[in-house]
Every structure is written in C-alpha cells, then in structure tokens.
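Counting in the working numbering, the sequence shown runs from 1 upward without gaps.
These aren't lab readings, by the way, just hints derived from the structure by calculation. Hints may be right or wrong, so weigh each one.
[Said to hold, decoys possible] Label-pair restraints from in silico Cβ distances:
1) I86 with A38: 37 to 43 Å
2) V79 with V134: 20 to 26 Å
3) A62 with L107: 27 to 33 Å
4) V134 with K69: 14 to 20 Å
5) I86 with I121: 27 to 33 Å
6) V142 with D113: 49 to 55 Å
7) S110 with A52: 18 to 24 Å
8) V142 with A52: 30 to 36 Å
9) A62 with M116: 27 to 33 Å
From the three backbone atoms N, C-alpha and C, an ideal C-beta is built for every residue, glycine too.
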Amino acid sequence: MKDERKQNKHGDTMNTQTNMTHLDKSDSNPPKSNNVLAIDRTILANERTYQAWLRTGLTALATGLAVAKFLQNMMPLSVVFLFSTILIVFSIFAFGLAAWRYSDLHLKISDLDVDMIPVWIIKLTSLFLIGASVLAIVGLYVTLVE
Numbered sequence: 001m002k003d004e005r006k007q008n009k010h011g012d013t014m015n016t017q018t019n020m021t022h023l024d025k026s027d028s029n030p031p032k033s034n035n036v037l038a039i040d041r042t043i044l045a046n047e048r049t050y051q052a053w054l055r056t057g058l059t060a061l062a063t064g065l066a067v068a069k070f071l072q073n074m075m076p077l078s079v080v081f082l083f084s085t086i087l088i089v090f091s092i093f094a095f096g097l098a099a100w101r102y103s104d105l106h107l108k109i110s111d112l113d114v115d116m117i118p119v120w121i122i123k124l125t126s127l128f129l130i131g132a133s134v135l136a137i138v139g140l141y142v143t144l145v146e
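Please model the complete structure; the sequences and the hints are all you need to start from.
Here it is, written out as structure tokens:
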C-alpha cells in the first residue's frame, strides 16, 4: 500500500491509499481476458446484425402492405401491385440473408465454448417470416385482382 495526497476539485487535500498490485489474491472473479471479451462482442454484434436484418425485412413487408392498402384507389392496380410485390420480395430477401449471415458466423465460432442462440431457432424464425411474406404476396394478389 502506498499513501498519497490528492486534491479534489474544491482544493481540499485528501489522503488515499492505493494498492500497487494489479489483482488482489482474494478476488474470486478475475477479469476476463481480452480474447474472451472479443468473442463476446463478436457474438453480440452477430445477434444485433440478425435483428437489424429482421427489422429491415419487417419494415419492407409492412410498407409493401401499406402501399397496397392506401394507394390502390390512387394509382393503377398494376403499379400498386408491382411496388408492393417488390417491397415484399425484398423482405423475403432480408429474412433469408439474416439467417444466412447469422449461421455463417455461427459456424466459424461454433468450436468455442460460448452461449449463442441456436441456429435452428434462427432458421425457424426466418422461415416463418418468409412464409408470412409469401402469404402476403398471395393475399395481395387475391385482393387486388378481385
């Protein structure tokens, strides 16, 4: 231990004691190594990227359905159907890309002993959303053609 005198922001001097050793022997939770923290950050970034692709796909799906709903009386039906279909197809692309990117990185670090969302849950979620998008296109076609 080393005795030091410091001044606080009011100009008062304080006595402080600092421990010159980096780790106390009685510490039961030593800090994680930089490698473990880097892996944790990579996993979290992968999950955030997956969520971002899902948000993008859901936004495209909702926008495609909104275009069909609100513009069908203002524009020719073929144009409305084209714009809506393009947006919904983009949502299918986003959901598929989300699952592919997540599972691609998951395979690269699967040999490490870390907790991650299982790939089957990611793929099942993406397949469900792709199915919902396909049903939206079918429903859009049935609604606009009639």
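| query | So the hint says 27 to 33 Å: do the beta-carbon atoms of A62 and L107 match that? | reply | At 31 Å between Cβs, range holds.
| request: Can you let me know if the beta-carbon spacing of I86 and A38 is within 37 to 43 Å? | output: holds (40 Å)
| query | Has the hinted range 49 to 55 Å been met by the Cβ atoms of V142 and D113? | reply | holds (50 Å)
| Range agreement (Cβ of K69 with Cβ of V134, hint 14 to 20 Å) | Check passed, 18 Å falls within 14 to 20 Å.
| How does the Cβ-Cβ distance of S110 and A52 compare with 18 to 24 Å: does it lie in that range? | Once the Cβ atoms are compared, 22 Å apart, the range 18 to 24 Å for A52 and S110 holds.
| field | Satisfaction of the hinted span 27 to 33 Å by the C-beta atoms belonging to A62 and M116 | value | holds (29 Å)
| request: Could you check the hint for me, namely that V79 and V134 are 20 to 26 Å apart, CB to CB? | output: holds (22 Å)
| Has the hinted range 27 to 33 Å been met by the Cβ atoms of I86 and I121? | Taking Cβ atoms as reference, I86 and I121 lie about 29 Å apart, which means the hint holds.
| Is 30 to 36 Å right for how far apart the beta carbons of V142 and A52 are? | 32 Å Cβ-Cβ, so the 30 to 36 Å window holds.
Of the numbered hints listed earlier, not one is contradicted by the structure.
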